[in-house]
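Quick mapping for you: the protein sequence lines, in order, are chains A and B. Per the numbering used here, the first sequence starts with residue 565, numbered consecutively. Per the numbering used here, the second sequence starts with residue 888, numbered consecutively.
Treat the hints with care, since some could be wrong.
[Claimed, not checked] Chain B regions said to be covered by chain A (calculated; three or more residues, Cβ under 8 Å):
| id | segment |
| --- | --- |
| 1 | 1037 to 1049 |
| 2 | 1053 to 1067 |
| 3 | 1154 to 1168 |
[Said to hold, decoys possible] Taking lysine-lysine pairs in the DSBU-like style, the calculated list, with each CA pair at most 35 Å apart, reads:
| id | chain 1 | residue 1 | chain 2 | residue 2 |
| --- | --- | --- | --- | --- |
| 4 | B | LYS1094 | A | LYS571 |
| 5 | B | LYS1094 | B | LYS916 |
| 6 | B | LYS985 | A | LYS819 |
Rather than coming from a laboratory, the hints here were simulated on the basis of the structure. Note that beta-carbon positions come from the ideal geometry of N, C-alpha and C, so glycine has one too.
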Amino acid sequence: MLAYTLKRTVVAFLILVVVSALTFSLSHLSADPALTIGGEQASDEDIEAIRKLYGFDRPVYEQYFSWLGRALAGDFGESYHYKQPVVEMISERIGRTMLLGTLAILFALIVSIPLGTLAAMRPNSLLDRFALLIAVFGQALPTFWFALMMIIVLGVWWRWLPISGHDQWLNYVMPTIALGYYATPALMRLTRAGMIEVLGSDYIRTARAKGLPPFVVLFKHALRNAIIPVVALAAVWFGFMLGGSIVIETIFNLKGIGWLSYDALLRSDLPVVQAIVLIFASFYVVLTLAADLLNAYLDPRISVR
Amino acid sequence: MTDTTTSSPLGLRTQQTAEEILEPSPFSKLRKRIFKNYSFLFGAVVLIFIIAMALLAPVFEALGWIHDPYDQELARRLQNPFWHEKKVDEAHLLGTDKVGRDYLSRLIYGSQISLLIGFSTMLISGFIGTVLGVTAGYFGGRVDMVVNFIINTRLAMPVFLVAMAAVVAFGASLTVVILVLGLFLWDRFAVVMRSITQQARDLDYVKAARALGCSTPHIIVREIFPNVLSSLTVVATVEMANAILLEAALSFLGFGVQAPTPSWGLMLNEGREYMFFSAWMLALPGACLFMLVLAINMFGDGLRDVTLERER
Chain A
565 MLAYTLKRTV VAFLILVVVS ALTFSLSHLS ADPALTIGGE QASDEDIEAI
615 RKLYGFDRPV YEQYFSWLGR ALAGDFGESY HYKQPVVEMI SERIGRTMLL
665 GTLAILFALI VSIPLGTLAA MRPNSLLDRF ALLIAVFGQA LPTFWFALMM
715 IIVLGVWWRW LPISGHDQWL NYVMPTIALG YYATPALMRL TRAGMIEVLG
765 SDYIRTARAK GLPPFVVLFK HALRNAIIPV VALAAVWFGF MLGGSIVIET
815 IFNLKGIGWL SYDALLRSDL PVVQAIVLIF ASFYVVLTLA ADLLNAYLDP
865 RISVR
Chain B
888 MTDTTTSSPL GLRTQQTAEE ILEPSPFSKL RKRIFKNYSF LFGAVVLIFI
938 IAMALLAPVF EALGWIHDPY DQELARRLQN PFWHEKKVDE AHLLGTDKVG
988 RDYLSRLIYG SQISLLIGFS TMLISGFIGT VLGVTAGYFG GRVDMVVNFI
1038 INTRLAMPVF LVAMAAVVAF GASLTVVILV LGLFLWDRFA VVMRSITQQA
1088 RDLDYVKAAR ALGCSTPHII VREIFPNVLS SLTVVATVEM ANAILLEAAL
1138 SFLGFGVQAP TPSWGLMLNE GREYMFFSAW MLALPGACLF MLVLAINMFG
1188 DGLRDVTLER ER
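Starting from the given sequences, assemble the full structure and let the hints guide the process.
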């Protein structure tokens, strides 16, 4: 188990190095950041001076390793546009994105687990078909369009909810639904499949046979086992949701790091983009690593393979 | 009923039963399954309709049924669609946008962009993913380890953010969007192809081909590939839908297809400033997007059910 954990951690770290190297070269090979920093009025000498100052005249791999060295020490450089340390800009806003992501995944779980359980109780019933229909429709609904439609109906026509900002909890209601519903089809299908399998097992038959009330069997015996893979999948989805937060935060003007990455890309503010890519990738890697290790702990056969 | 079967202890049957002889042909069985699978039927009909619209758009335009999607007419800007209670312009069934372009024509031409992005992305990513997945699954060992690392690296990259960054770096255009999405959306292909190839590698007839001394490329192309084909088509539909949604989101944020191209995502972007008074400007392109993706997903789901039952 220790060897497995160690191996997986090293691989996870390597993945992050490759991801950051790819994004770094992508952004540095194509555009000239010196032109962005200098602006339109900058003379050729100014541009040359900026290149020297930021080290853009050095080979890309050299620039990358010096960036990586500083990033490992927690220094992501300074924003080209705002002339503010990137770490400060991110730490000011990351809380909102984390809150939004957590609320969204909770919303997804609260909708999908009961729906999946109900559907599994009576496979092929009307309710099951209804749940499946919701899943099929949900998967096809473009997130950002759903968000826009909610703004029009709930925000503009009925005036129930505020349509932009992040100062009160009401601001989070629509973004949470818009971001969270997209994960529900996958989580619901997994809950349903897991529950159908568990409900057919021997210990459930035993529990029923000894006369336990149906809801005790369902929630205490069956759901407890069926829910483990669902939670693991939810952890991975949380990583995906951070990526989805870019569109949602931009639409609702909720200034988290998703919004920040959009703003930074509009201004070609590479250090900010670079840092956010690494944060999103780290989240994904850490969450999948945790899910894998949890699985290996629950099923020791995995770590031997 | 006369049963002429003589089963040997090994279960090898030497003669067909009367039921088997009278059984409908595989083709008519398949046809029955298709017509009983409403999800597949719905998906196929809607998809064919949208593809037909996309292909016939220039014909409709030549016949004068729809307008030129690029034709601006400022005097007739922001006309309402036909169901609106206010005065409507008969010439523009679904109204006009902020520079007076016919909304219906732009919606119809928009299907071309979505389908083009969906198909091209699917071809590029399908090729990359299948090559990686089949290689990893067939050879196993170190090759598998390397491919697995590549897949995990790709999964760790926040696609949307990196795609936006790539569009900024290389300039926004249809080609860049297709290439970027094609180079990113191969992960599911690789994962699925890898696991199916692993299973197929140990099938008896593949072993037999190896024992006969067939070359590795021959085994992969002739023996393994037919096995993965049905899963490949299902993954392809999923990824096509995915690519269409991503392009729309990119274009909506201004990091995708650029004006004046009629892309549904871009139309949503342009309609945003009119959301308070003309909600239909947002409702229509989004509804088209929803229908197209729904049709592709239902077609894919149905295809899986129809083909899987045949294999059973």
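Here's how the hints hold up against the structure:
1. 1037 to 1049: n = 10 at 8 Å, threshold three: holds.
2. 1053 to 1067: Holds: 4 residues of the segment 1053 to 1067 of chain B have a Cβ under 8 Å from chain A.
3. 1154 to 1168: holds (count 5)
4. B/LYS1094 / A/LYS571: Given pair B/LYS1094, A/LYS571 holds - Cα atoms ~33 Å apart, limit 35 Å.
5. B/LYS1094 / B/LYS916: Roughly 31 Å separates the two Cα atoms, so the pair holds.
6. B/LYS985 / A/LYS819: With a Cα-Cα distance of about 29 Å, the restraint between B/LYS985 and A/LYS819 holds, given a limit of 35 Å.
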